[in-house]
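**Student:** Chain by chain, the residues:
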Amino acid sequence: MEQLFSGYMIYSLSFLLIFIALATILHLQFSIGGIVNFGIVGFWGLGMYAFALLNLKLNIPFVPAVLLASALTGIVSMALGRIILNLDDQAVLVGTLAFATIIEYLATTEKWLTNGVMGFGTIKFPFDLGANTLFVYFLVVLVFLILLMFYVSKIKTSPYGRLLLSIKDNEILSQSLGKPTFRHKIIFFTVTCSLIGFFGAMTAPLYNYIFPRMIGPGITFTIWIALMLGGRKKLLGGFIGILATIGLFDYVIETVVPIPTQYAEMVPNVKFALYGLTLMLVLMFRPLGILGDKKREVKG
Amino acid sequence: MLKINDIRSGYGDVTVLHGLNIEVKHEIYAILGANGAGKSTLMKTIAKVLPLKTGEVYFKDENVSSFTPYQIAARGLAFVPQEGQIFPKMTVLENLSVGGLLLDKKSKKEKKEKMEEIFDVFPDIVQRLNQKAGSLSGGEVQMVAVGRALMQNPSLILLDEPTSGLSPKYVDNFFYKIKEIHEKKGVSVIITEQNAAKALEIADKIMVLTLGKIHLIKDAKNVDMCMIKEGYRI
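Chain order of the listed sequences is A and B.
When you read off a place in the first sequence, starting at 1, and then add 412, the result is the number in my numbering.
When you read off a place in the second sequence, starting at 1, and then add 1381, the result is the number in my numbering.
So here's chain B without its partners, still in its complex pose:
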C-alpha cells in the first residue's frame, strides 16, 4: 500500500525526520512517540503537505515523491490533520460535500450512497447536518473530519493525533469507529497517537519514533508497554 524509502524531511533548514524506512500494508499502523518525535511531520510528508528533502515515497506501487497534495489525494490517500481541521463557517453537510469533491463526475445517487455510508459509521452527526461546523464539540469535529476524509473514498487514511483533547468516553468510541472503518470499509489506516495503550488495542503494527528516528517497528501483538515507554524516555 505505502512504502517509504530513506526519507528526510523537516521545516526550512531544520531536518526533523532522519532517514525513515516504513512499509504499510492493508492494516492499522500506529505511530507512537513523545512530543517533538516527528509524528506529525511524518504524516504531513506522506500527505505531501511538506516536501521531501531526500528519499522516496511509493503509494500503490507508484512513485509519488514529487506529487502535490491534491495529486496524492486523487490517488486515494486521505489526510486528517491534527485537531480535525474542518471548515468552521460551513455546515456539517457542506463539510462532508467538500470531501466529496473528487466524486464530481459521479452521479448524485452515488454521492448520496457514500454519504449514507458515513452516517452508518457516525450516526451522531446526522442530527448536526445543518449546524455550522465551528459550533461542534471536539469529538464531533473529529467525526466530521474523518467523515469528510471517507467521502474521498480513500484506500489509505492518515489520522494525525485524532483523539487529542477528547474526553475518555469519546476516545473509546473513536477507536472503535476506526477499527470499524478498517474492517468494514477495507480502508488502511495510519494513526499517530500519544495514548499508546489505546493504540495497542486496535493497531496491527506499532512504530515508535524517537527524535525523528525509528526506535522500534513490531507487530502490535509482540509489543508491550515497557518496549514503547523505552522510546519515550530518550
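This is chain A alone, in the form it adopts within the complex:
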C-alpha cells in the first residue's frame, strides 16, 4: 500500500494524466472534428523537444517556453493541415503518420541541435518545493487535464461543436450552409495540435532527460488502442482506455504484481500482444468501446 503513494507512483500517475489528456484530444479530433490523426506522438514530441531546447539552450523560463513550444507546434500543424486536410481520411492518416516519423527522424539525425540518439537534459521542474515538487507538479497537470475535459465537454453542445460535427458528417452540405469548412478544419487542427504540444512540453520535466526513442510510433498506437477500448465517442473514453492499458500494465502489473525477475523482460512484449487481443475482443463484442453502446443485434 505504501508503494502506491510513493514518489514513483506520483511520477507514474503524472504520466497517466498526460496520456489521458492526449487520448482526450484525440477523441476531440477524431469524434468531433473527424480528423484521423495518426501522428499524435509527432506533435507531442515536437512540443517536448521545442520546450526542452528553448528552456535549456536559450534559457527561456518555464512558462514562456511552454507557451512558445505550444505555439510552434500549432504553427507546424497549421502548415501540415493546409497540405493534408483537404484530402480524404486515408491521406490524413498517412500524412500525420509520416509527420511523426519525420519528427522522430529529425530528433535522431540533427545531432547539433538534439544530440541525436544520446538525447539531452537535464530538464528541471519550474519550481523547487523539495520533497513536494513532484506532487505539486502532478496537481498542476491534473488542473490542466480537468480544464481540457471541461472544454471538450462544452464544445460538443456549442454552435462551434455543431459546426465541426456537421463538417464531419457532410462537408459539402456544411459549405452550402455558408461556412468556410476548410478554414475551420485548419483552425481546429491547429488549436488541438498545439494542445498536444502543450502537454508534450509539460511532459519534458517528468522525463528529465529526452531522447528520440521516447517519441516512437508505439505511443500513437497505444493512445489509439486506448481510445478505441474506452469508447471513441465518449468524453471519458480516453480516460477509461488509458487506465485499462497503460494504467493496468505499466503501473499496476509492473508495480504491484510480483513478477519473477526472469519474466520481467517479457512484460513489455506481452503487453502489446494483450493490447491487440483485448482490442479485437472489444471490437467484436462492443464495437463502440467499453463506454459505448452495445452492438445492435440484427434480427431476421
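Watch out, some of these pointers could steer you wrong.
Keeping only pairs whose Cα atoms sit at most 27 Å apart, straight-line, the calculated DSS-like set for lysine-lysine is [unchecked claim]:
hint	chain 1	residue 1	chain 2	residue 2
1	A	Lys580	B	Lys1495
2	A	Lys566	B	Lys1513
3	A	Lys568	B	Lys1489
4	A	Lys566	B	Lys1492
5	A	Lys580	B	Lys1493
6	A	Lys568	B	Lys1513
7	B	Lys1492	A	Lys580
8	B	Lys1489	A	Lys566
9	B	Lys1513	A	Lys646
10	A	Lys645	A	Lys580
Residues from chain B shown here face chain A by an in silico Cβ test under 7 Å; the list is partial [said to hold, decoys possible]:
hint	residue
11	Ala1428
12	Val1430
13	Pro1432
14	Gly1436
15	Phe1448
16	Pro1450
17	Tyr1451
18	Ala1455
19	Gln1466
20	Phe1468
21	Glu1475
22	Val1479
It is worth saying that the hints were derived from the structure and are not from the lab.
Think of the CB as a built atom: it goes at the ideal place given N, C-alpha and C, for glycine as much as any other residue.
Starting from the structure of chain A, add chain B where the hints point.
**Tutor:** For chain B alone, coordinates are given in the frame of chain A:
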C-alpha cells in the same frame, strides 16, 4: 435575382450542361426534365458545389462565377440537395441551429424569432425537435431540410427534387408550403421536379431541360402538359 450566361458544367471530362442562359426574378421557377436531363447538375452548379467549365453566374447583380459554396451561401442563396440531406446524428433542433450558423453574430432573440418563423411554416416539426433527424420519415426530412435552409435567411432557395419518394399526401402539402414560403417570406424559389403537373400548379415560370439543353422556357400560365411532355420524349 439570378442570371446565368452560357454556362457549361459537368463531372470531370463529361459535360452535362451545354451553354444554358437563364434569368430568375422574384418568382417560383420550376425546372423540369427527364432523368439525366441535367436538373441536379444545374442546381449544384448554381450553388457552386460543382465548378463551372465556362460561362458566368450573377447573383443579385454580382458576378459569383468564381465563388465557393460558402461564399454564395453567405450572399443569401440556400441549397437543399436531393433527398433533403440532413445531419442524421443530430437532433431536429440541432439541424435547424446548424442552418442558423450565418446568424452567429446576431442575438439569441433574433435567432429564436427566426426559429419561430420556421415553426409557423412547418408546425409538424415542433413535436420532433429533440428527435434524431435520422429517425424521421421522408416528408419530415424534407421539412427539416427546407427549415434549415430558411434559417439561412435566404433570398433565393434551390430545391432539388424535394418531393421524390414522398407519398401524394406529403407532396400536396409540401407544394403548398413552398408557395407559402414564397408569398409570405418573400423568398424566390428554383425547384427541380419530376412531377410536372404539380410544378405547374405553383410555378410562375417553367423551364424544360433536355439532355443538358433548354427545350423551352415559358410563363407557367402559357404552358400545357403537351409542351412539357415533348421535352421528355427526346
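**Student:** Evaluate each hint against the coordinates.
**Tutor:** Hint by hint, here is what the structure shows:
Distance check on the hinted pair: A/Lys580 and B/Lys1495 sit about 26 Å apart at the alpha-carbon level, within 27 Å; holds. The hinted pair formed by A/Lys566 and B/Lys1513 meets the criterion: a straight-line CA distance of about 20 Å does not exceed 27 Å. Among the hinted pairs, A/Lys568 with B/Lys1489 is consistent with the structure: their alpha-carbon atoms are about 19 Å apart, no more than 27 Å. For the suggested pair A/Lys566 and B/Lys1492, the alpha carbons sit about 20 Å apart, so the restraint of at most 27 Å is met.
Straight-line distance between C-alpha atoms of A/Lys580 and B/Lys1493 comes to about 26 Å, which keeps the hinted pair within the 27 Å bound. Distance check on the hinted pair: A/Lys568 and B/Lys1513 sit about 15 Å apart at the alpha-carbon level, within 27 Å; holds. Between B/Lys1492 and A/Lys580, the direct Cα distance comes to roughly 24 Å. Compliance with the 27 Å bound is thereby established for this hinted pair. Proposed proximity of B/Lys1489 and A/Lys566 is supported: the alpha carbons are some 18 Å apart, at most 27 Å.
Restraint check for B/Lys1513 and A/Lys646: the C-alpha separation of about 18 Å stays at or below 27 Å, so the hint holds. Restraint check for A/Lys645 and A/Lys580: the C-alpha separation of about 13 Å stays at or below 27 Å, so the hint holds. Nearest Cβ of chain A to the Cβ of B/Ala1428: about 6 Å, under the 7 Å cut. The hint holds. Annotation: B/Val1430 was flagged as interfacial toward chain A, and the flag holds, the nearest CB pair being 6 Å apart, inside 7 Å.
For B/Pro1432, the interface hint is violated, the least distance from its beta-carbon to any beta-carbon of chain A being 13 Å, above 7 Å. The interface hint given for B/Gly1436 is violated, since its Cβ lies 21 Å from the closest Cβ of chain A, which is over the 7 Å cut-off. Proximity of B/Phe1448 to chain A is violated relative to the hint, the smallest CB-CB distance being about 11 Å (cut-off 7 Å). Residue-level restraint check for B/Pro1450 holds (minimum Cβ-Cβ distance to chain A is 4 Å; threshold 7 Å).
Interface restraint check for B/Tyr1451: the shortest CB-CB distance to chain A comes to about 5 Å, inside 7 Å, so the restraint holds. Taken as an interface hint, B/Ala1455 checks out: its beta carbon lies about 5 Å from the nearest beta carbon of chain A, inside 7 Å. Among the interface hints, the one on B/Gln1466 holds; its C-beta lies about 5 Å from the nearest C-beta in chain A, closer than the 7 Å criterion. Hint on B/Phe1468 holds. Least Cβ distance to chain A is approximately 5 Å, under the 7 Å limit.
Look at B/Glu1475: its Cβ gets to within about 6 Å of chain A, closer than 7 Å, so that hint holds up. Hint on B/Val1479 holds. Least Cβ distance to chain A is approximately 5 Å, under the 7 Å limit.
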